[in-house]
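> Protein chains in written order, with UniProt numbering: chain A, 1 to 438; chain B, 1 to 438.
Because the hints were derived from the structure by calculation, they are not lab data. This one's a predicted model, so the numbers in the text were calculated from it and none came from an experiment. Where a beta carbon is used, it is the ideal one built from N, C-alpha and C, also for glycine. Heads up, some of the hints might be wrong.
[Unchecked claim] Some chain A residues judged to face chain B by a derived CB distance under 10 Å, without partners named:
(1) Ser9
(2) Ala13
(3) Lys83
(4) Ala91
(5) Ser119
(6) Leu256
(7) Glu261
(8) Gly265
(9) Arg294
(10) Ala376
(11) Phe378
[Stated by the list, open to error] With a Cα cut of at most 35 Å, we get these calculated DSBU-like pairs of lysine-lysine:
(12) B:Lys55 <-> B:Lys23
(13) B:Lys21 <-> A:Lys105
(14) B:Lys21 <-> A:Lys23
(15) A:Lys55 <-> A:Lys23
Protein chains: 2
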Amino acid sequence: MVLRLDHSSEDFASRFDAFLKTKREVSADVNADVAAIIDEVRRRGDEALHDLTLKFDRLDTRAAGLRVTEAEIAAAYEATDPKVIAALQLAHDRIASHHARQMPKDDFYEDALGVGLGSRWTAVEAVGLYVPGGTASYPSSVLMNAVPAKVAGVERIVMVVPAREGELNPAVLAAARIAGIDEIYRIGGAQAVAALAYGTETIEPVSKIVGPGNAWVAAAKRQVFGIVGIDMIAGPSEVLVIADGDNNPDWVAADLLAQAEHDTGAQSILVTDDAGFADAVVEAVERQLDTLSRSDTARRSWRDFGAVILVPDWDAAVPLANRIAAEHLEIATGDPEALADRIRNAGAIFLGRHTPEVIGDYVGGSNHVLPTARSARFSSGLSVLDYVKRTSVLKLGAEQLRQLAPAAITLAEAEGLTAHARSVGIRLNQGDTGGAGG
Amino acid sequence: MVLRLDHSSEDFASRFDAFLKTKREVSADVNADVAAIIDEVRRRGDEALHDLTLKFDRLDTRAAGLRVTEAEIAAAYEATDPKVIAALQLAHDRIASHHARQMPKDDFYEDALGVGLGSRWTAVEAVGLYVPGGTASYPSSVLMNAVPAKVAGVERIVMVVPAREGELNPAVLAAARIAGIDEIYRIGGAQAVAALAYGTETIEPVSKIVGPGNAWVAAAKRQVFGIVGIDMIAGPSEVLVIADGDNNPDWVAADLLAQAEHDTGAQSILVTDDAGFADAVVEAVERQLDTLSRSDTARRSWRDFGAVILVPDWDAAVPLANRIAAEHLEIATGDPEALADRIRNAGAIFLGRHTPEVIGDYVGGSNHVLPTARSARFSSGLSVLDYVKRTSVLKLGAEQLRQLAPAAITLAEAEGLTAHARSVGIRLNQGDTGGAGG
């Protein structure tokens, strides 16, 4: 039975608090194992990759080669259903044109004193993209991670993907080709993360590592953070649907199940002001569950983490939505924009009855890598900004230095930093360069 | 003796590689201690804070109160030298006006298909600012961390600062008041980070924690990451000065020492094309060292991690600078802009002979919280962007859904996600809402 909460019940506040605190993920402590693997890759390079890939993926990369060949990528592309290729291409083009609008602009100006200030954006030089193997190997995720990097101007994008017993998903390689990635290695796990961070004989290190992965991959990313940049550590997916009674319960049920089928730890929540509609959705979910290819996963997710919350009106819904801070928020009401304007914490908002979240997973153009586990309170979905960095620029002439020097010296002295004070003071009352040429 | 490297020597490449890999920080493994402290604060709340503060800071907060009172803040402001207040106010105003330009703009548009796409920026609701105690308690850092948060629109900024034996730096409280912070707690260490992340009876939790701290604070931030957002984990400070022979060696020496006096792990590097100038700077450093209030720290930093690198020309300097990816880069050459244009990796660049890095520490207007330890390859200095998050917005009507549905369904099926496919497919060939009202 799915959890049902009623805003008007006396114990709602405490039950909602408890619901928010539910842990949906038990991550095994693999830190020590991961540290050992990273250490081995640092010491033994390619040899470690060969050994670990043979052990974990039952693949002999000494024979197959670490790098996926151009011919293999081309063959995978040819082997992929042309309908899928066309859909990936459409997705690629829509993602690229939306993300192009995110490119931040440089800003240089002189202030009233004549001080030159600037912010200059440049792309990260090399990025590693982790792609999981097996059933979680999604071509759409390859596009979502790689396209913003290309748009940002990242010159080198390196993909790693484990090939259990040699198997690679052709659609993943096709997506990589569509995204313009040609440097792909058939390695996975913590060893792949270590190779990207530290480099081996075959693999040049990168500056940042992105992409989802299992507990080993997540732990490895945490451990190499600092040596390289990493993206967020993603948790199980979630959707919050705010819907009135004018919706078709089957549509809303389908949306809740689209989230639930991802993972037994996924979470689907309905908030509605219509008790009859809530009942109808719960029934529709039960009906649809039996017909899904991943019905076991969806059933467990819905049973363990699903929730249906009845509210008296949308005023009551807004603070709940902001506390849930859902990765995905669908608003299917008469005036979805009015409600959306009041939502502060959400990874992505899908407006109206014809915007199922799934469109955003594939072809909407916006990114499907979004903050999970309430982290939309403080973080954003993946974007071009994740692949660029800002350098600030400052320029003073002798006159500007004279104007700002006294305050700088005062603060340096107040902080007990006499060399700081001298670095400013020594430049006052002297020639233009203070040097032989001045 | 400071390390001297000559680009023209045969073993330069390997010596430069070794130099880049030098570890400047030995961080004690305090993870287990920190985990225990966090656990205690989560279980016992205020009581844990009282006990831990008595133990670590020898301060009885049961008597003094956890929160610094309004009267204490006002008294500290009054007790601070008016010259320092004026300098802090100038710094505040310059930081505020520069950072106001960083506020990202919302972007809503319809594409050619009529799909509505948007990016909406909102401020993080509550931010915790960690301020170290003792000699590292810098009022300038309070401004650098707090002002961008205010500019971003963060409603609640909570400061924590350890008060060893009750002592607080009045200038730090004055800076907080100038920045508009009135919620301040006299706690520090891992216990303060835990209180900010999880909350106690007295302290409401925040959504993000920023600010520098010792090994315990850094470990605690890593451990609570995910529950709240965190800023970068800062390492020891560093400066790279690229200077020609037309500079006054005393000026450049002063700049190198301003960095070195921060910390024995700080790093100061000179790159020059003039061997005689290099010698003159090394001599000037030795001469100035004796006159500093923190000469022991500066001497150790310069001896252990300082470097002087001779290059034949600036073409040779550019790739070195990009690999060093310095937190601070001063360019004191005839045409500093031309050289700066070729630098890709740097936290902040200071142009010309009259822009000592110290100006950027205090009153330049740009932020002094910058990426250390080569992380400028993939990250940026603190900015308004660290205090806002983006929600993406998508809106389709029935017609747009009809156009995008086939590709979305194709990709969902290719990924084996039948509930995804249904969530889109079920909305086709039906009325406007599919519901009773449709």
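> The structure should be examined with respect to each hint, and the outcome stated for every one.
Hint check:
Below 10 Å, beta-carbon pairs count as interface contacts, and Ser9 (chain A) has none with chain B, the closest being about 25 Å; its hint is therefore violated. A distance limit of 10 Å between C-beta atoms decides the matter here; for Ala13 (chain A) the minimum to chain B is near 16 Å, and the interface restraint is violated. Look at Lys83 (chain A): its Cβ gets to within about 5 Å of chain B, closer than 10 Å, so that hint holds up. The interface hint given for Ala91 (chain A) holds, since its Cβ lies 7 Å from the closest Cβ of chain B, which is under the 10 Å cut-off.
Interface hint at Ser119 (chain A): satisfied, since its Cβ lies 7 Å from the closest Cβ of chain B, which is below the 10 Å cut-off. Interface restraint check for Leu256 (chain A): the shortest CB-CB distance to chain B comes to about 9 Å, inside 10 Å, so the restraint holds. Against a cut-off of 10 Å between C-beta atoms, the interface hint on Glu261 (chain A) holds, since the closest Cβ of chain B lies about 4 Å away. Hint on Gly265 (chain A) is violated. Least Cβ distance to chain B is approximately 15 Å, over the 10 Å limit.
Proximity of Arg294 (chain A) to chain B holds as hinted, the smallest CB-CB distance being about 7 Å (cut-off 10 Å). With its C-beta approaching chain B no nearer than about 7 Å, Ala376 (chain A) sits inside the 10 Å limit, and its interface hint holds. Nearest Cβ of chain B to the Cβ of Phe378 (chain A): about 3 Å, under the 10 Å cut. The hint holds. The suggested pairing of Lys55 (chain B) with Lys23 (chain B) holds, with an alpha-carbon distance near 32 Å, which does not exceed 35 Å.
Pair hint Lys21 (chain B) plus Lys105 (chain A) holds up; C-alpha atoms about 33 Å apart against a cutoff of 35 Å. Note on Lys21 (chain B) and Lys23 (chain A): the hinted pairing is violated, with a Cα-Cα distance of about 40 Å set against a maximum of 35 Å. Among the hinted pairs, Lys55 (chain A) with Lys23 (chain A) is consistent with the structure: their alpha-carbon atoms are about 32 Å apart, no more than 35 Å.
In this structure, the hints that do not hold are numbers 1, 2, 8, 14, in rising order.
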